[in-house]
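Colleague: Here are the chains, one letter per residue:
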Amino acid sequence: AQSVTQPDIHITVSEGASLELRCNYSYGATPYLFWYVQSPGQGLQLLLKYFSGDTLVQGIKGFEAEFKRSQSSFNLRKPSVHWSDAAEYFCAVGPTNAGKSTFGDGTTLTVKP
Amino acid sequence: EAQVTQNPRYLITVTGKKLTVTCSQNMNHEYMSWYRQDPGLGLRQIYYSMNVEVTDKGDVPEGYKVSRKEKRNFPLILESPSPNQTSLYFCASSPRGQGVNQPQHFGDGTRLSIL
Chain A
1 AQSVTQPDIH ITVSEGASLE LRCNYSYGAT PYLFWYVQSP GQGLQLLLKY
51 FSGDTLVQGI KGFEAEFKRS QSSFNLRKPS VHWSDAAEYF CAVGPTNAGK
101 STFGDGTTLT VKP
Chain B
114 EAQVTQNPRY LITVTGKKLT VTCSQNMNHE YMSWYRQDPG LGLRQIYYSM
164 NVEVTDKGDV PEGYKVSRKE KRNFPLILES PSPNQTSLYF CASSPRGQGV
214 NQPQHFGDGT RLSIL
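Read top to bottom, the protein sequences are chains A and B. So that you can map any letter, position 1 of the first sequence is 1 in my numbering, and since no number is skipped, the others follow by simple counting. So that you can map any letter, position 62 of the second sequence is 175 in my numbering, and since no number is skipped, the others follow by simple counting.
Since the hints were derived computationally from the structure, they do not count as laboratory data. Incorrect hints may have been included.
[Stated by the list, open to error] Distance condition first, Cα-Cα at most 27 Å in a straight line; then the derived DSS-like pairs of lysine-lysine:
(1) B:130 to B:170
(2) A:61 to B:131
(3) B:130 to B:182
(4) B:184 to B:170
(5) B:131 to B:184
(6) A:68 to A:100
(7) B:178 to B:130
(8) A:49 to B:130
(9) B:182 to B:170
(10) A:49 to B:170
(11) A:100 to B:178
(12) B:131 to B:170
(13) A:112 to A:61
(14) B:182 to A:61
(15) A:68 to A:49
(16) A:112 to B:130
(17) A:49 to A:100
(18) A:100 to A:112
[Unchecked claim] Under 10 Å between C-beta atoms, here's a sample of chain A residues computed to sit facing chain B:
(19) 7
(20) 9
(21) 12
(22) 24
(23) 25
(24) 27
(25) 34
(26) 46
(27) 83
(28) 92
(29) 98
(30) 101
Don't be surprised by glycine CBs; every beta carbon is placed ideally from N, CA and C.
Working from the sequences, and respecting the hints, build out all of it.
Modeller: In structure tokens:
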């Protein structure tokens, strides 16, 4: 069975500091991996995706993520956080070819001025 | 504008009173899915559909039904709602490109309260 773990429930960083949100996955084949962001009262917006190829993927809003098969990880990074990045972030596996889609429990990001 | 539209956005109802949450997408996507979001539990998949007339259970299907009679619509039906179905619900859709399900587009959510 596929699963996604986001070890950090809540992270606080200062504006301008770097950010790394952790994601570990379990899946039997090459996973389709995604990071989504949810602002309060909103739906989810895609930040970036990994299907295959280059293991460092670039997304919107200056975010990037690195796929590490040996560590079963897909961590999200940003070199300099802005106050508008405060939101909840979700890592997800799938939908797979069978249709299943699994999300992590989410990490809430707070940005200090 | 490409979008996934859910209705209603908010609903307060009582135990046992059948309700339907509609979901419609205008992007001709093959794949559609329903999720519920509860604090600390992320999004959990309720049902999904790979195409018209093809539906399957997700991780938390108990107490829910779906149908996919047209490509654009994927309603979620609670035939006898109970308080433990109080939650925030999201509908999502995605195209299938090269045999792979692409990133999902999400609706704005439906907040259901079952008293």
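Colleague: Need the list of violated hint numbers for this structure, in ascending order.
Modeller: 2, 8, 14, 16, 18, 19, 21, 22, 23, 24 and 27
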